[in-house]
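Letter by letter, the sequence shown follows residues 1 to 396 in UniProt numbering.
The hints are simulated quantities; they were obtained by calculation from the structure and are not laboratory data.
Keep in mind the model is a prediction, meaning the values are calculated, not measured.
Check before you lean on any hint, since a few could be wrong.
So the derived label-pair ranges between C-beta atoms look like this [unchecked claim]:
1) 7 x 172: 17 to 25 Å
2) 214 x 276: 17 to 25 Å
3) 68 x 372: 38 to 46 Å
4) 382 x 356: 49 to 57 Å
5) 176 x 378: 39 to 47 Å
6) 35 x 294: 26 to 34 Å
7) 7 x 294: 24 to 32 Å
8) 172 x 3: 22 to 30 Å
9) 388 x 36: 44 to 52 Å
10) 61 x 36: 28 to 36 Å
11) 382 x 172: 42 to 50 Å
12) 153 x 287: 29 to 37 Å
Cut-off 35 Å, straight-line C-alpha distance, at most; resulting in silico cross-link-like pairs (DSBU-like, lysine-lysine) [what the hints assert, rightly or not]:
13) 72 x 184
14) 280 x 388
15) 280 x 6
16) 5 x 388
17) 2 x 244
18) 6 x 388
19) 68 x 2
20) 244 x 184
21) 68 x 5
22) 6 x 244
23) 280 x 389
24) 68 x 6
25) 184 x 5
26) 5 x 72
Heads up, the beta-carbon is just placed ideally off N, CA and C, and yes, glycines get one too.
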Amino acid sequence: MKALKKRILGSCCGAHILHDGYTDLLYVMFPIWQMAFGLSLAEVGSLKTLYSGAMASLQVPSSMLSEKVGEKRLFLFGTLIAAIGFLLSGWTTSFLGLAACLILSGIGASVQHPLSSSLTSHAFEGSELRGALSTYNFSGDIGKVLLPSLCAALLAVWDWHTVTSVMGLLGLLAVMFLAVVLPKTTVTNHSKTQLNKASSDTSGKGAGSNFLNLGFISLSSIAAIDSATRMGFLTLLPFLLMSKGATVTQVGFALSLTFAGGAAGKFVCGFIAARFGVIKTTLITEIATSILMALTLPLNVDVVMLMLPLVGVALNGTSSGLYGTVPELVPPHMRSRAFGVFYTVTIGSGAISPLVYGFVGDRLGVPNTIALIAGSVLMVLPLTLGLKKVFRRLQV
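Make the full structure from the sequences, and use the hints.
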């Protein structure tokens with residue numbers, strides 16, 4: 001049983017490395033594509049919106065479809081489609097062709113988060129669950145460091161067409177690996193008694209049969225603002241750095257520093273949230289995010305590069321505590337759909353924000369837009385009150 005759990009978690013972590021790496025290597029490619037196709041910031045933002053929008057829109061359908069076709073089969077098929085999207089992008093010579101490839105890849109990427117989260121939450125329970133989810137969440141940030149770094153390094157010797165094709169081939173290899181490693185059977189730790197209790201709890205103390213309770217809604221709203229902030233800032237960060245004199249290679253290295261800090265932030269903050277609570281963790285990380293973002297504006301590129309790991313810790317640390325709290329607010333038998341809704345909201349807000357902030361950036365400039373993003377983070381502070389009320393009732 002322990003070996004089966006490890007294989008499930010290892011497979012989910014491996015898929016997370018690939019998919020999150022795909023998502024964040026786009027930030028390295030944005031300045032390249034802007035120059036190749038003569039794009040505005042709004043058009044650059046639209047590429048991220050199309051990719052993340054396709055991924056967000058199918059989170060819930062994919063979690064529901066998995067109940068009919070099987071989680072492993074859909075998991076592998078989605079990863080295959082994501083890889084093919086990147087492979088084909090290396091052959092495109094137009095903005096519309098590139099957009100179509102990113103939509104295809106985003107559709108394939110939609111299966112990973114809800115299915116991996118469901119598989120992990122069914123394999124682990126109790127105190128093991130938050131640690132397993134933190135490990136899974138942390139693995140995605142490994143991909144955010146590795147694939148953008150690899151992409152930036154390859155761009156120094158190859159053109160972007162070849163680099164994106166290589167990223168697609170890497171995904172095809174990952175599909176073959178997952179097909180062998182991912183177990184055919186899943187683990188369910190939750191007893192019939194627990195399911196009956198969750199289903200019959202309609203007193204308002206717990207989540208009951210409906211996971212759309214005040215706690216889950218508050219948590220999802222905080223995560224939506226956090227995601228919009230993160231995606232908007234990361235989309236504009238390369239352009240801020242280049243305006244300060246950074247090269248494309250330096251931008252790739254800077255993003256890797258940010259993602260490395262984010263990996264550490266997610267891993268550490270997941271356990272901090274387990275010890276001190278998600279509310280205190282959220283308040284600290286979001287306030288730090290606002291301050292550190294603002295500081296990137298007046299400082300020169302060298303100082304900003306040194307700051308970026310700290311920016312990453314604050315920027316990504318919140319999500320780990322929020323994500324690991326979902327199982328505490330919903331019945332065990334509804335976790336798959338709850339994670340699907342949670343990721344639809346968070347990834348959806350992250351999909352829209354680059355387009356919105358791209359339009360703002362075209363009109364107000366990159367520095368003023370980043371200042372606006374830094375201020376928007378603070379909207380999460382009043383939302384923690386609703387979450388605090390639910391935790392008091394649940395005695396979490």
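Do the hints match the structure? See the list:
no.: 1; hint: 7 x 172: 17 to 25 Å; in the structure: 21 Å, holds
no.: 2; hint: 214 x 276: 17 to 25 Å; in the structure: 22 Å, holds
no.: 3; hint: 68 x 372: 38 to 46 Å; in the structure: 44 Å, holds
no.: 4; hint: 382 x 356: 49 to 57 Å; in the structure: 21 Å, violated
no.: 5; hint: 176 x 378: 39 to 47 Å; in the structure: 46 Å, holds
no.: 6; hint: 35 x 294: 26 to 34 Å; in the structure: 28 Å, holds
no.: 7; hint: 7 x 294: 24 to 32 Å; in the structure: 44 Å, violated
no.: 8; hint: 172 x 3: 22 to 30 Å; in the structure: 27 Å, holds
no.: 9; hint: 388 x 36: 44 to 52 Å; in the structure: 49 Å, holds
no.: 10; hint: 61 x 36: 28 to 36 Å; in the structure: 33 Å, holds
no.: 11; hint: 382 x 172: 42 to 50 Å; in the structure: 46 Å, holds
no.: 12; hint: 153 x 287: 29 to 37 Å; in the structure: 35 Å, holds
no.: 13; hint: 72 x 184; in the structure: 7 Å, holds
no.: 14; hint: 280 x 388; in the structure: 10 Å, holds
no.: 15; hint: 280 x 6; in the structure: 31 Å, holds
no.: 16; hint: 5 x 388; in the structure: 33 Å, holds
no.: 17; hint: 2 x 244; in the structure: 51 Å, violated
no.: 18; hint: 6 x 388; in the structure: 34 Å, holds
no.: 19; hint: 68 x 2; in the structure: 27 Å, holds
no.: 20; hint: 244 x 184; in the structure: 51 Å, violated
no.: 21; hint: 68 x 5; in the structure: 23 Å, holds
no.: 22; hint: 6 x 244; in the structure: 45 Å, violated
no.: 23; hint: 280 x 389; in the structure: 14 Å, holds
no.: 24; hint: 68 x 6; in the structure: 25 Å, holds
no.: 25; hint: 184 x 5; in the structure: 12 Å, holds
no.: 26; hint: 5 x 72; in the structure: 15 Å, holds
Figure legend: structure checked against the earlier numbered hints; hints not met, in rising order: 4, 7, 17, 20 and 22.
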